[in-house]
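J.: Listed below, chain by chain, are the residues.
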Amino acid sequence: MKKLIAAGVVGLSLGISGLASAESIKVGMITTLSGGGAGLGVDVRDGFMLALKNAGNTEIEVVTEDDGQKPELAVQIADKMVQSEKVDLLTGIIWSNLAMAVVPGVVQQDILYLSPNAGPSALAGAMCNKNYFNVAWQNDNLHEAMGAYANDAGYKKAYILAPNYPAGKDALTGFKRYFKGDLAGETYTQLGQTDYAAEIAQIRASGADAIFFFLPGGMGIAFMKQYAQSDVGLPVLGPAFSFSQDILGAVGDAALGVKNSSQWSKDIDNAANKKFVESFQAEYGRLPSLYASQGYDTANLIIAAASKASVKDKDAFRAAVKEAEFESVRGDFRFGNNNHPIQDIYVREVVKEGDVLTNKIVGTAFEDHQDAYAAECKM
Amino acid sequence: MTLALFIEQLLNGIQLGVMLFLMAAGLTLIFGVMGLINLAHGSFYMIGAFACAAVAAATGSFWLGLAASLAAAALVGALVEMTVIRRLYERDHLDQVLATFALILIFSEGTRWLFGSFPLYLDIPQVLSGTIDLPGGSRYQLYRMAIIGVGVAVAGGLYLLIARTRLGMRIRAGEADREMIGALGVDIRTLYTVVFALGAALAGLAGAMVGALQSVQVGMGEPVLILAFVVIVIGGIGSIKGALIGAILVGVVDTMGRFLLPQFFISFMGPSQGTAVGSALASMLIYILMALILAVRPSGLFAAKG
Amino acid sequence: MNEPILEISGLSKNFGALRATDNVSLDLGPGEIHALIGPNGAGKSTLIHQIAGTLKPDDGVIRFLGREVNEAGPVARARMGLGRSFQVSSLAPEFSALRNVMLAVQSRQGSSFRFFKPVMRDRSLLDPAMAALDRVGLAARADVPAAELSHGERRQLEIAIALALGSKAFLLDEPMAGMGPDGSKSLTAFLSALRDEAPILLVEHDMDAVFALADRISVLVYGRIIASGSVDDIRNDPAVREAYLGNAE
Amino acid sequence: MEIGREGVINIVVAVALLAIPFAAVVLDETFYITLATRMAILALAAVGLNFALGLGGLVSFGHAAFFGLGGYAAGILATHAFNAEPLLLWPIEILGSNSMPVIWLTAIAISALVALPIGAISLRTTGVYFIMITLAFAQMIYYFAISWPAYGGEDGLSIYVRNGFPGVNTLNPLTFFLICYTLLIVALFLFAVFKDSRFGAALQAARQNETRVAAVGIAPYRIRLAAFVISAAIAGLAGALFADLNRFVSPSMLSWQMSGELIILIILGGTGRLFGPVAGAMIFVLVEYFLGGITERWQFFLGLTLLVVVLFARGGFIGLVAGRTRHE
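As they're listed, the protein sequences go chains A, B, C and D.
Per my numbering, numbering through the first sequence is continuous, rising by one, with the last residue being 360.
Per my numbering, numbering through the second sequence is continuous, rising by one, with the last residue being 310.
Per my numbering, numbering through the third sequence is continuous, rising by one, with the last residue being 1133.
Per my numbering, numbering through the fourth sequence is continuous, rising by one, with the last residue being 955.
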């Protein structure tokens, strides 16, 4: 129904002013709005829509559809949006495996894709493409930051843990790329596993002095709760995903004091971020997560590029996106040769503000960090 | 590997098994008495967890939450039985699979509609936090010990219920011969509703207890459902005893596989290859176990019916 | 006397403490009808199952056409020519009477791994099947699904299937059960003629039919054969009268 | 044999599916060609399953395994061809391929080869046990695919250029649709022929009454195993096409939800009916497409729709419009 009305409005505006219509942009958003991973998609979408609202932008029309976290469905929706909705650009995918399914096909058809979350290594390296921009991070980045931080914090023997799938392997590889100490153990758990008693028992017996884990979604919640309930008590390190605003509430006090890495935090001190955090709270009645910040930045990047070039002129628009002249909520932001971000990555600590668990920045792991695959990209 | 670690892992396996038993007991009862395959059983697990989390958050009491989980799962179970499930008893397995698959979609999206997209918070009760000492110098978490206790109590309770009570007699009669209990003058409709609600309540209880350990979120029931099916098929469909033994077997094999297999492969393949191969094999282990058991005993270990 | 077609010696089967079959020996010669009678629970069905191959005996030997078949399953025994009808009608309910019989013809002709030729246009299947139906008097009901046949018609169909199999011996488990008097009479006449084609081991409760048909009768009680002989022998055997006939009447 | 009411409906369904892409060309809505292709491929997979499920009564809850294996056969061969790396050097050199016929044959062969031992073990069981053991085997392959890193693991494998077919341009969506549609028709033809053959007679009889079939001297086990393998091979072929449609293959093609979806297609259309899977696939894809466009809670309404169909439209779509089967 909504879609019909929107289409009607577009049709109407075309009819009234054939001249001005050149600037309207149609964005297709494929994201996860059902199932256990829906929280991430909802945050990206809400962040994106908030940016449009804050900018008072009415030229950008957004078509949103749920991919149910299924790659085949995502591909079908992408086809529909390109072939039927005739969108100018696509965005919204949360998960690496869905991005790997959708992105190569889409960019081949000369459609721009702006990733608000996933950053699989293949798309940053050998398979990089002029039509693919990542506005979040390359998958390894936050893990690399935690590896570097572990050195600074003086940890010598880390136990590392991730699910047995490509992003999990990338995560541990990323951590090990920067961590100089020894490993007390390296465990790959089953994807979707929810009981970590066996792993926690092994951690206790391993003689480690710190734990690094990458367990996205419900897996991380389960691990943190069970870890806190055990009496192991070693310091825990991880990427922001298990300590982002959307799930901190479910982890509870178990997360207090944990150090995690993120390219964004709600206490980054700049005007854009202040406005983002305040307006997000006002609009949705909750604190934003890093996913929301990524959706917000993606929308602002599109708005900025559209002010410089027409979306119909692919080359000019692409160049305008690459310049990335927008007020990012994370401060400095620019694209490297492979269209992936070069940005600062912070170390945050989980704290309690009143009754609400949230993060505050306690250090900087990297400045102007670029991903490890940029050299493999021939662009 | 020390003995203490081994004992702790063994307990972890048993605790997982006990939790699976709570799910499997309901499934196997429902199949044994009504001949129904219920894919939506995982949804009661989820409903139990959400009810517990919501009530615990509102009242601050885990115990009230636990009571709410039992009540909510039983209530939803009874309602679903009376509106939908009842029409499926006379259908073949195919229709049952499809209808209960549809119920999963409805319950999952319905729960998200009601509670939003973000996971809920649920912690273990204060009195059960901490650990207890075990012989051999190991320690074990009190809450998990309590889960094992609840599982054993439920197994005992179910045994008494079925062996000693009128309801149990009717359940046994229903398993033996569905037409006969009608002839005995038992109100079959009520009996079926009660059995279904009982199964749902056990699943809800499992969901609530595990929800305190894990993430309370939409879709949490389906992985457990698949495991519970593995359990009842291994144990022999319709057999409570089979469900108990199958559950412990699956729990221990799964936990020990994840613990021992990577170490085993590392010993001759090196850490990175060994971890990869061992982890991959560990995730397939219980399915391999199930295929092996069914290849030798096509009706499971303790088939109640031929 | 000729070699027996079917020969059973020293057959035993226990279910726990229950001796369901207790050292049973009997045989079936060419051209004869050998009736097996006995009260309910005497172990007749258990015995039939062992002869057909669906139950394995604990002890004893079953020979069919001179070969020991103890290790052969029901499929192999059927292929050797042991035609069987069931106590409870056992047919493919969705198939027409004709297609039920055709299945037997198909089996007799060899492999079922033929994927392309439509059976309903295959005269080599249709003709023998129709002939078998005709012999049992079901030709007019050829196109009716088995599920819609009357009880008696289903027994007739069972026999047509056994006929179509080209059986070398028939194992008929209560073919008269549930038939009206007219049906029983015509079936009795039919079976009487059938013995020339292949001998029949007949399990039956209907004593009129048994006495009219049987060349020999064996009486099974509590898993044991207590008497065996001609109709007159059995009629006059005091042990049988006491143990079985006396009780039955 | 005269064309009955069901025959007419079958023709209508077949023509309707064929008409969608041509209408799409006229309306300049390329996406509907993609949608119709998806329908044809899912229908093909379901026709495959229908050999086991519809004719043989074998409720396989693990056919996604074969569907996915076919997909991986396409993905792996295409990747090796794309990178010009041989698949195997020893004992014989096997090269990758981007030729559809080669890929199809490989997909069929691999699915059939894997189905043989799986069927051999699973068919020892019956009823719910069969449902669950087929599920277990599919889960094994699923977890293997997720944790085996060589071909992308959970990320899956991309096919950068759609594989080719000698003499035609497969990149043209309409051409690719026609290839899939042709294969679907061939499979339907095989289904119809097999159903009426001696093999089909034995298979259907074994579904209705296993004891009877054994008593006339036909071993149901071997007949069923053959049906299971044929069924898997067709599902594998469909998987290879599905990979080419999506330009992508991933473990989710092997998931138990996928197995469930294949079963749903058959029941939606009408179990055991020749065109049941086709009608089912068309309805399912359309419902998914329209609901997905209307509401983000589409899964809720999808569930509701399915529930209504099971409870009140027994016999599925074909049963609803053609009436109950008149058995031969």
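Honestly, the hints are just simulated from the structure, not real lab data.
C-beta atoms are modelled at their ideal positions from N, C-alpha and C, and glycine is treated no differently.
Just so you know, not all the hints are guaranteed correct.
[Said to hold, decoys possible] Here are some chain A residues pointing at chain D (derived, C-beta under 10 Å):
| # | residue |
| --- | --- |
| 1 | L14 |
| 2 | T39 |
| 3 | A80 |
J.: Now tell me if each hint is right for this structure.
T.: Okay, the hints, checked on the actual structure:
1. L14: holds (4 Å)
2. T39: violated (22 Å)
3. A80: holds (9 Å)
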